[in-house]
Amino acid sequence: MPLSRPSGVLIQHHLTRIPRHILLARTPRTALTLHRRGDVTTTTIITITTITTASTAKMSGEEIKRNPHPDFKKVEASRPDWDADQRFNHKKTADPSWTFGDGANRLHTASEAAARHVSIDPYEAGRPAPFNYKLLISAIVPRPVGFVSTVSASRRDGGEDGAEGLNLAPFSYFNIVNHDPPLFVLGVASPLERPKDTLRNLLETRECVVNIISEHFVEAANATSVDAPPGISEWAISGLTPAFDCVGTRAPRVREAVFAVECRLESVREFESRATPGKKTGCMAVLEGTRFWVREDAVNDERNLVAPEVLRPMCRLGGITYGRVTEALELPRPVFERDVGGMEGYEKLKERHKKKEDSSS
Numbered sequence: 001m002p003l004s005r006p007s008g009v010l011i012q013h014h015l016t017r018i019p020r021h022i023l024l025a026r027t028p029r030t031a032l033t034l035h036r037r038g039d040v041t042t043t044t045i046i047t048i049t050t051i052t053t054a055s056t057a058k059m060s061g062e063e064i065k066r067n068p069h070p071d072f073k074k075v076e077a078s079r080p081d082w083d084a085d086q087r088f089n090h091k092k093t094a095d096p097s098w099t100f101g102d103g104a105n106r107l108h109t110a111s112e113a114a115a116r117h118v119s120i121d122p123y124e125a126g127r128p129a130p131f132n133y134k135l136l137i138s139a140i141v142p143r144p145v146g147f148v149s150t151v152s153a154s155r156r157d158g159g160e161d162g163a164e165g166l167n168l169a170p171f172s173y174f175n176i177v178n179h180d181p182p183l184f185v186l187g188v189a190s191p192l193e194r195p196k197d198t199l200r201n202l203l204e205t206r207e208c209v210v211n212i213i214s215e216h217f218v219e220a221a222n223a224t225s226v227d228a229p230p231g232i233s234e235w236a237i238s239g240l241t242p243a244f245d246c247v248g249t250r251a252p253r254v255r256e257a258v259f260a261v262e263c264r265l266e267s268v269r270e271f272e273s274r275a276t277p278g279k280k281t282g283c284m285a286v287l288e289g290t291r292f293w294v295r296e297d298a299v300n301d302e303r304n305l306v307a308p309e310v311l312r313p314m315c316r317l318g319g320i321t322y323g324r325v326t327e328a329l330e331l332p333r334p335v336f337e338r339d340v341g342g343m344e345g346y347e348k349l350k351e352r353h354k355k356k357e358d359s360s361s
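According to my numbering, the sequence shown holds residues 1 to 361 in order.
Calculated directly from the structure, the hints in this document are not laboratory data. Bear in mind that the values here come from a model prediction, so they are computed numbers and not experimental data. Misleading hints may appear alongside valid ones.
As the list claims (entries may be wrong) - In silico lysine-lysine, DSBU-like type, Cα no more than 35 Å apart, as pairs:
#1 Lys196 - Lys65
#2 Lys196 - Lys73
#3 Lys354 - Lys92
#4 Lys196 - Lys280
#5 Lys196 - Lys74
#6 Lys356 - Lys92
#7 Lys279 - Lys134
#8 Lys350 - Lys92
#9 Lys65 - Lys279
#10 Lys91 - Lys73
#11 Lys134 - Lys280
#12 Lys196 - Lys134
#13 Lys92 - Lys348
#14 Lys92 - Lys134
#15 Lys92 - Lys355
#16 Lys134 - Lys65
#17 Lys74 - Lys134
Sequences and hints are given; from them, build the entire structure.
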């Protein structure tokens, strides 16, 4: 039986009709996102907290050990308690007196400046593919987590009830890449011929709900990453509440999520291993947002801004580490004529930069 509609805010985004077939993209897509409010760009600093995830997983036939602690609960017990009173706040930048041409700020020490870099060939002889995985997820941080709810074709068409045919899983290979139309990318480490539940459901139904994980249900969200056998409900394991009130999809949103997006599958692109030519290793799904759900106490009157102090989003770092967003700084986006000084100011900066390069060579 569908759950009753909560007292939230529903925002619909109107868009053109998507073709009924699945478009297989032929070229890779790369995008850089910038979050702005007026002329201010907000940069976020994270405070890291660690919770457990699945300790091992299979990738390219090799075992990945994610949990570095033989007795995680013992390690966790030795750490400070969660600071429930800590709230999102803004700080000054590390160097408020920074000006154009200064380069790195005062946090960059002389020893750091003198440190050497090592070059790593991702396909060098003897380097296992999981090494690249562990390196990248520890370096490309923080990563937003797409908490994806899908429904099987059978469930969508009325062939199953209860928890049957519902899937819920977190993905840290996730981000927004466009706003008109709203587009998101989701990376899935499985080939099309052996799709994981989320990918299989997406291919069958072309619909899902992407939820953003907040502090108040991070443990439950993490529980859905369990290596459960087919037919097991992640909803039951996590204890989270499915809200069957979405308009464009039969997949439920997570009732506890402050923000969620109903999506349709726009395209899928499959990737081939460089280390083992011919072997398919993963897919990228491009999702188009069709409707936004946001808790009414988290959105402003114009319905164009979500308050971070209410959203309290969690992000992923390397291994089993999650990040908590508690501090931020704001930096105005510069205007070339006004702030740099136009071409005259630029020529001065260019000359200064040349002298700096000459002195360091």
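Comparing the hints with the structure gives:
1. As the CA atoms of Lys196 and Lys65 are separated by approximately 20 Å, the hinted pair is consistent with the 35 Å bound.
2. As the CA atoms of Lys196 and Lys73 are separated by approximately 30 Å, the hinted pair is consistent with the 35 Å bound.
3. A threshold of 35 Å between alpha carbons decides the hint, and for Lys354 with Lys92 the separation of about 30 Å falls inside it, so the pair holds.
4. Pair hint Lys196 plus Lys280 holds up; C-alpha atoms about 14 Å apart against a cutoff of 35 Å.
5. Distance hint between Lys196 and Lys74 is fulfilled; the C-alpha atoms sit about 33 Å from each other, no more than 35 Å.
6. Restraint check for Lys356 and Lys92: the C-alpha separation of about 27 Å stays at or below 35 Å, so the hint holds.
7. A C-alpha spacing of about 20 Å is found between Lys279 and Lys134, which places the hinted pair at or below 35 Å, so the restraint holds.
8. Among the hinted pairs, Lys350 with Lys92 is consistent with the structure: their alpha-carbon atoms are about 28 Å apart, no more than 35 Å.
9. For the hint linking Lys65 to Lys279, the alpha-carbon distance of about 23 Å falls within 35 Å, and the restraint holds.
10. Our distance criterion of 35 Å between C-alpha atoms is met by Lys91 and Lys73, whose separation comes to about 34 Å.
11. Of the pairs offered as hints, the one joining Lys134 and Lys280 holds, with about 19 Å between alpha carbons and a cut-off of 35 Å not exceeded.
12. Between the alpha carbons of Lys196 and Lys134 the distance comes to roughly 21 Å, so the proposed pair stays at or under 35 Å and holds.
13. Our distance criterion of 35 Å between C-alpha atoms is met by Lys92 and Lys348, whose separation comes to about 28 Å.
14. Simply put, Lys92 and Lys134 have alpha-carbon atoms about 33 Å apart, close enough for the 35 Å limit, and the pair holds.
15. A hinted pair counts as satisfied when its Cα atoms are at most 35 Å apart, and Lys92 with Lys355 qualifies at roughly 30 Å.
16. Between the alpha carbons of Lys134 and Lys65 the distance comes to roughly 9 Å, so the proposed pair stays at or under 35 Å and holds.
17. Of the pairs offered as hints, the one joining Lys74 and Lys134 holds, with about 24 Å between alpha carbons and a cut-off of 35 Å not exceeded.
The structure is consistent with each of the numbered hints, conforming to all of them.
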